[in-house]
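Novice: Protein chains in written order, with UniProt numbering: chain W, 1 to 643; chain Z, 1 to 175.
Hints listed in this document are in silico derivations from the structure and should not be mistaken for laboratory results. Glycine included, every Cβ here is placed at the ideal spot set by N, Cα and C. Don't take every hint at face value.
Unchecked claim - Over the 12 Å line for every Cβ pair with chain Z, so calculated as not near, a few chain W residues:
no., residue
1, D36
2, A247
3, A251
4, D342
5, E581
6, H582
7, E605
8, R610
Said to hold, decoys possible - Okay, derived cross-link-like pairs now, DSS-like style, lysine-lysine, Cα gap no bigger than 27 Å in a straight line:
no., chain 1, residue 1, chain 2, residue 2
9, W, K301, Z, K131
10, W, K125, W, K162
11, W, K599, Z, K171
12, Z, K27, W, K4
13, W, K599, Z, K65
14, Z, K18, W, K599
15, W, K123, W, K27
16, Z, K162, W, K599
17, Z, K162, W, K300
18, Z, K103, Z, K65
19, Z, K162, W, K301
20, W, K4, W, K27
21, W, K599, W, K430
22, Z, K87, W, K301
23, W, K300, Z, K87
24, W, K125, W, K27
25, Z, K87, W, K332
26, Z, K131, W, K430
27, W, K185, W, K162
28, W, K599, Z, K103
29, W, K301, Z, K103
30, Z, K171, W, K300
31, Z, K131, W, K399
32, W, K301, W, K384
33, W, K185, W, K123
34, W, K301, W, K370
35, Z, K65, Z, K160
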Amino acid sequence: MNPKAVYKYCKHLGCCEACCLRYIGIKNPDSYEHVDSFVTIYQDEADKPKQTFEQNEDLENGNDNSLKPEVIDKNVTNGDSDDLTNLPPCKKRRIDVCISCLGVLQEDKRFDSFSMVKNVLAKKKYECATFACALSAPMATLLRERAITLRLAEEFPGYDDKTLTALKEAWKWSFGVQLAAQINKTLDSGAVSPLLVTLNYDYADDMQELEILKQVSPQLFEERSKQKRRFVTEFTRRSVEQALATASLAALQAAGGGLPTASVRALCVGMVCAHAPMYLAGRYIKLSRNLPQSPWILDKKRVLPSSVQEIIYKPLADFYNMDEEEADRRLKLIAAGREDVDVRCLGEGRPFAVEITDPTRQLTADELAKACQLISESKEVIVKQIVPITREDLVQLKKGEETKSKTYEALCIKLSHSQFDDVSPDSPVKVTPEDIARINSFRNTPQNSQNSLNNKSNDHNDSNGDTSDEENNANTLDANGDSLNASPDSKTTKTDIQNTSEENQMAKNSSDAKDIDATPEKNYVQVAEAMDTSLNSEKCDNLSDVKIVIEQKTPIRVLHRRPLLTRTRQILELEAEAVPEHAQLFRLRARTSAGTYVKEWAHGELRRSRPALRDVLRARVDLLALDVSAVHLAWPPPPPPPV
Amino acid sequence: MEYNILDSIDLNDPAIYKSFTDRYFSKRYILNVNGIENNDIMLMFHSNRITLLCLAPSHFFFKKKDKYTLNFNIGKIDRLSNKVKGKGKKGGQALFPDSVICKVEWSDGSSFGIPCGMRGTLVEINENLIKNPELLQEMPDSDGFIAIMLSSIAITDATKNKLLTHEDYMKVVNV
Ligand SMILES: [Zn+2]
Chain W
1 MNPKAVYKYC KHLGCCEACC LRYIGIKNPD SYEHVDSFVT IYQDEADKPK
51 QTFEQNEDLE NGNDNSLKPE VIDKNVTNGD SDDLTNLPPC KKRRIDVCIS
101 CLGVLQEDKR FDSFSMVKNV LAKKKYECAT FACALSAPMA TLLRERAITL
151 RLAEEFPGYD DKTLTALKEA WKWSFGVQLA AQINKTLDSG AVSPLLVTLN
201 YDYADDMQEL EILKQVSPQL FEERSKQKRR FVTEFTRRSV EQALATASLA
251 ALQAAGGGLP TASVRALCVG MVCAHAPMYL AGRYIKLSRN LPQSPWILDK
301 KRVLPSSVQE IIYKPLADFY NMDEEEADRR LKLIAAGRED VDVRCLGEGR
351 PFAVEITDPT RQLTADELAK ACQLISESKE VIVKQIVPIT REDLVQLKKG
401 EETKSKTYEA LCIKLSHSQF DDVSPDSPVK VTPEDIARIN SFRNTPQNSQ
451 NSLNNKSNDH NDSNGDTSDE ENNANTLDAN GDSLNASPDS KTTKTDIQNT
501 SEENQMAKNS SDAKDIDATP EKNYVQVAEA MDTSLNSEKC DNLSDVKIVI
551 EQKTPIRVLH RRPLLTRTRQ ILELEAEAVP EHAQLFRLRA RTSAGTYVKE
601 WAHGELRRSR PALRDVLRAR VDLLALDVSA VHLAWPPPPP PPV
Chain Z
1 MEYNILDSID LNDPAIYKSF TDRYFSKRYI LNVNGIENND IMLMFHSNRI
51 TLLCLAPSHF FFKKKDKYTL NFNIGKIDRL SNKVKGKGKK GGQALFPDSV
101 ICKVEWSDGS SFGIPCGMRG TLVEINENLI KNPELLQEMP DSDGFIAIML
151 SSIAITDATK NKLLTHEDYM KVVNV
């Protein structure tokens, strides 16, 4: 392939200088920045005084008919498809819109686009020193590129259409570089710079020119129009590319050629500046029993005046000068699960992140500290620290939601005598020391030997010497039949424990279940899914010492919006304590696997959750108040080590 | 202790001691279903429109102390084979007010059917009744519920509005 010949051919078709370079396959950015001086190496002496008139003249009077696609096309289609070729020559000569890029690469008239970008940037005030730029070009350029490469392949055997330098690349190298000087930012690739400037070019004849694709690929578009009778968006970038992928030159020419002279140029009609999201991380403590995590709105009316989300958003939105509506649109709270409205979250708090869409800048450490102070002044939510994190860090949050255990404190009430109580039915119901002991020693899983020697270690110890103890326990049990005899507490744990090996099996299977607390958010779910394989293997990491395996049907309170399923969950630690001044009450500390419905476990929910706390006590039990005392997840992630 | 859980609620507020069903459900009654005296059922509506089917305390069932078994095979339909899929509870058996969910069959050969009282989808049969049929007798308004049903908001609201409230029921049965 002779580049000079390709240049000459493209030039004759009506390509601008930059497009000629594209078809030659030039991929050097500098060449597009200084097109006019660079192209001279491909020009014959005769071409050098480049004037539009002469070039068009050339096309008009050339002896080689194959260089005149419009003439050929006209013959094939009986002259009814392309009226532009019938215009008087003088009119046509004035038009020098590039036949391929439709003017996108032609350097005149760029000033308007530059000032458009400048205005938007002046208003938004991004602090980012770099930018990337992207082009949204008319779809007709795709058709035209195909029409030209097919002709090139015919003219120059062996011409590969992969030679073509993409329009958006060539545009970036010329327009982007010039824009950089105008807006005083450094041009960088989209993979590096978080600030993206997208320019949209519109071409008046775009849809009309694409019509010929219906002849080229009748099947494709017939199907499309059938599918979308109501919304006639037949020509999408995808469908156009699909139709062009298989189009032959003959088919294109039969349909009209796909390369009419452009009577108007594509114009930059709009631009979008957007900064990639930024993420902040922290932990929130929720002190109110009357505060939902996100706004609680029922039938368009607020049920409760505020929410954790709104309290956290407020100072952040103020720093970014967002009003409430804008904050709701541009901020997103991503939390490691959520607690019910009436549940407090104490201790170190619940891990969360805030995604900021299109941020203009990163908040300073001082501002973040101030935000914490303002949030905590609400008296309902306390956040001690907020730090910037990366999008990748969100995976930890998602993972934590699914794998990490939570510790709860509950205030419970014993409502009836226990079947174990040996008292008169008329005597007042009291929590007995036996009740407390029964709760503390209850388990329906086999106890491994290490822990049965020292039962206390349950309370503090997550780890076991033997990492594969689940498997071992199941085997031991099959041989033993009754694991309780091995337990020093068998006296007090006489409960309905059968099929323990089966339950143990279920405990393992439960690692497939999804956390009920999950409130998926698009962006971070995508990140998390990418990591999902690594996640599965870790799901049971700290669940190796399970005291109680329970099965919970989807609670009635969420059954209207969730599938009916029976989920297996684990209680890893359980400790009860009497409340001296209230004989019927007792405190409970429980560490549970992610997704355990603690309230339902306590009262049993009409026996839909089993074995429940009341099955342990053999008495009617209810839960009066619940606090999350720890979400066991290291968060926020430590800052990356300095490079 | 910081943020003591004991101080976080008002222990003198009687509302916190309400039973699970009283806390979340409002009770409605249908009396003398199919013209049979004291064939009384109770529907418990959760605020999220999930509905529990129960026998009303005034049902004649509670007067008879004979042994009984529960039969969930209603004609050609086996209520126990009910399965629902997904959030939409697809595949659940369709219910009409007269649809019988369960038949109580006494040892003396007599029996009666428990109709569901509303249009909707059968979500769940109380599986505990199979092993422990005595729950129906002993805890009719809680663990002895018969079934969980779900209907549209419109049907649920309409049914709820036209049925006897708990207050009115108490007046009627006390007469
Ligand atoms: Zn061009």
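Novice: Each of the hints needs a verdict: does it hold here or not?
Specialist: Right, here's what the structure says about each hint:
Every CB of chain Z lies more than 12 Å from the CB of D36 (chain W), the least distance being 63 Å, so the non-interface label holds. Distance check on A247 (chain W): its Cβ is at least 43 Å (rounded) from any Cβ of chain Z, clearing the 12 Å threshold; non-interface status holds. Look at A251 (chain W): its CB is around 46 Å from the nearest CB on chain Z, clear of 12 Å, so calling it non-interface holds up. The beta carbon of D342 (chain W) is not kept farther than 12 Å from every beta carbon of chain Z, the shortest such distance being approximately 9 Å.
Distance check on E581 (chain W): its Cβ comes as close as 8 Å (rounded) to a Cβ of chain Z, failing to clear the 12 Å threshold; non-interface status is violated. With a closest Cβ-Cβ approach of about 7 Å to chain Z, H582 (chain W) is found to fall inside the 12 Å limit, against its non-interface label. Residue placement check: E605 (chain W) does not keep its beta carbon more than 12 Å from all beta carbons of chain Z (closest about 7 Å). Against the 12 Å criterion, R610 (chain W) falls within the reach of chain Z, whose nearest CB is about 9 Å from its own CB.
Taking the CA atoms of K301 (chain W) and K131 (chain Z), the gap is near 45 Å; set against the 27 Å cutoff, the hint is violated. Between the alpha carbons of K125 (chain W) and K162 (chain W) the distance comes to roughly 40 Å, so the proposed pair goes past 27 Å and is violated. With a C-alpha separation of about 34 Å, the suggested pair K599 (chain W) and K171 (chain Z) falls outside the 27 Å cut-off, and the hint is violated. For the proposed pair K27 (chain Z) and K4 (chain W), the alpha carbon gap of about 89 Å is over 27 Å, so the pair is violated.
A distance of roughly 35 Å separates the Cα atoms of K599 (chain W) and K65 (chain Z); the hinted pair therefore is violated under the 27 Å criterion. Using a Cα cut-off of 27 Å, the hinted pair K18 (chain Z) and K599 (chain W) holds, with the two alpha carbons roughly 14 Å apart. The hinted pair formed by K123 (chain W) and K27 (chain W) fails the criterion: a straight-line CA distance of about 35 Å is larger than 27 Å. Restraint check for K162 (chain Z) and K599 (chain W): the C-alpha separation of about 33 Å exceeds 27 Å, so the hint is violated.
The suggested pairing of K162 (chain Z) with K300 (chain W) holds, with an alpha-carbon distance near 26 Å, which does not exceed 27 Å. As the CA atoms of K103 (chain Z) and K65 (chain Z) are separated by approximately 16 Å, the hinted pair is consistent with the 27 Å bound. With a C-alpha separation of about 26 Å, the suggested pairing of K162 (chain Z) with K301 (chain W) holds against the 27 Å cut-off. Between the alpha carbons of K4 (chain W) and K27 (chain W) the distance comes to roughly 16 Å, so the proposed pair stays at or under 27 Å and holds.
Restraint check for K599 (chain W) and K430 (chain W): the C-alpha separation of about 21 Å stays at or below 27 Å, so the hint holds. With a CA separation close to 25 Å, the supplied pair K87 (chain Z) and K301 (chain W) stays within the 27 Å bound. Taken as a hint, the K300 (chain W) and K87 (chain Z) pair is honoured in the structure, with Cα atoms around 23 Å apart against an allowance of 27 Å. Distance check on the hinted pair: K125 (chain W) and K27 (chain W) sit about 33 Å apart at the alpha-carbon level, beyond 27 Å; violated.
Simply put, K87 (chain Z) and K332 (chain W) have alpha-carbon atoms about 25 Å apart, close enough for the 27 Å limit, and the pair holds. Between the alpha carbons of K131 (chain Z) and K430 (chain W) the distance comes to roughly 30 Å, so the proposed pair goes past 27 Å and is violated. Taking the CA atoms of K185 (chain W) and K162 (chain W), the gap is about 32 Å. The hint is violated against a cut of 27 Å. Under the criterion of a C-alpha separation no larger than 27 Å, the hint pairing K599 (chain W) with K103 (chain Z) is inconsistent with the structure, at around 33 Å.
Straight-line distance between C-alpha atoms of K301 (chain W) and K103 (chain Z) comes to about 44 Å, which puts the hinted pair past the 27 Å bound. Pair hint K171 (chain Z) plus K300 (chain W) does not hold up; C-alpha atoms about 37 Å apart against a cutoff of 27 Å. A hinted pair counts as satisfied when its Cα atoms are at most 27 Å apart, and K131 (chain Z) with K399 (chain W) does not qualify at roughly 39 Å. Only pairs whose Cα atoms come within 27 Å are accepted, and K301 (chain W) paired with K384 (chain W) is rejected, the gap being roughly 32 Å.
Proximity of K185 (chain W) to K123 (chain W) is assessed by CA-CA distance (about 15 Å); at most 27 Å being required, the pair is judged to hold. Distance restraint check for K301 (chain W) and K370 (chain W): the Cα-Cα separation of roughly 32 Å exceeds the 27 Å cut-off, and the hinted pair is therefore not satisfied. Restraint check: the Cα-Cα separation between K65 (chain Z) and K160 (chain Z) comes to about 32 Å, which exceeds 27 Å; the hinted pair is violated.
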